[in-house]
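These protein sequences, in sequence, are chains U and S. Take 1 as the starting number for the first sequence in my numbering and just add one per residue. Take 116 as the starting number for the second sequence in my numbering and just add one per residue.
Incorrect hints may appear among the rest.
Chain U side only, calculated, beta carbon under 10 Å to chain S, not exhaustive [claimed, not checked]:
| # | residue |
| --- | --- |
| 1 | V4 |
| 2 | G42 |
| 3 | F45 |
| 4 | S58 |
| 5 | A88 |
| 6 | A89 |
| 7 | R111 |
Hint data in this document are derived by calculation from the structure and do not stem from the laboratory. In this text the structure is predicted, and so the values were computed from the model without any measurement. Where a beta carbon is used, it is the ideal one built from N, C-alpha and C, also for glycine.
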Amino acid sequence: NAGVMQNPRHLVRRRGQEARLRCSPMKGHSHVYWYRQLPEEGLKFMVYLQKENIIDESGMPKERFSAEFPKEGPSILRIQQVVRGDSAAYFCASSPGLTGANVLTFGAGSRLTVL
Amino acid sequence: AQSVTQPDIHITVSEGASLELRCNYSYGATPYLFWYVQSPGQGLQLLLKYFSGDTLVQGIKGFEAEFKRSQSSFNLRKPSVHWSDAAEYFCAVDDYKLSFGAGTTVTVRA
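When you get a sec, could you build the whole thing from the sequences and use the hints?
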């Protein structure tokens, strides 16, 4: 039973390019969360999605960032026109239902470097 | 909104010594609390969780944590630290999405 799969593990982009990070949740999990970890900081919540729905995007920057979790396929976190401040580790987590009763399982992360 | 504070940014312990990491939460009702560990360049692994019931919770790798409502704390402990315990530790509280503390980095010296 594979865990949460994230790819790419490492991504290098130049300023102004687009970054796409993918997350395949654990089998049977329909809830996906994205977190960002800046250097020397803890994890900050970005967005919470269920299949085809964004439930909570209160942690997403208002511009350039978007996320989706289509009916088929992985969840995608998209960053347009990247800037150096976007350099961070982006973690995806999944759960079978609302947290509290369910525990989040995290992927290994995607580390974005913006040159 | 719920929040978590980890007062210690960095702790250094000798191998074989005991370890205690502090975590304070802010929440009106009984919270769901978690401790995660992150090794360098890796994702987060769940050490233990508290939902209800017994306030002393046992986790993996010999860790335990005690929920103290009167102190709004959920401190993590390990009686004897191994070199492989060097990592970053995060306390988290759940309000349908996890809110993490800033983390405590543990260094283990021989």
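Going through the hints against the structure:
1. Residue-level restraint check for V4 (chain U) holds (minimum Cβ-Cβ distance to chain S is 8 Å; threshold 10 Å).
2. Interface hint status for G42 (chain U): upheld, as the beta-carbon distance to the closest one in chain S is roughly 4 Å, under 10 Å.
3. Annotation: F45 (chain U) was flagged as interfacial toward chain S, and the flag holds, the nearest CB pair being 5 Å apart, inside 10 Å.
4. Taken as an interface hint, S58 (chain U) checks out: its beta carbon lies about 9 Å from the nearest beta carbon of chain S, inside 10 Å.
5. The beta carbon of A88 (chain U) comes no nearer than 14 Å to any beta carbon in chain S, farther than 10 Å, and the hint placing it at the interface is violated.
6. Checking A89 (chain U) against chain S by beta carbon gives a least distance of about 9 Å; that is within 10 Å, so the hint holds.
7. With a cut of 10 Å, the hint placing R111 (chain U) at the interface with chain S holds, because the nearest CB-to-CB distance is about 8 Å.
Checked against the numbered hints above, the structure breaks only hint 5 and satisfies the rest.
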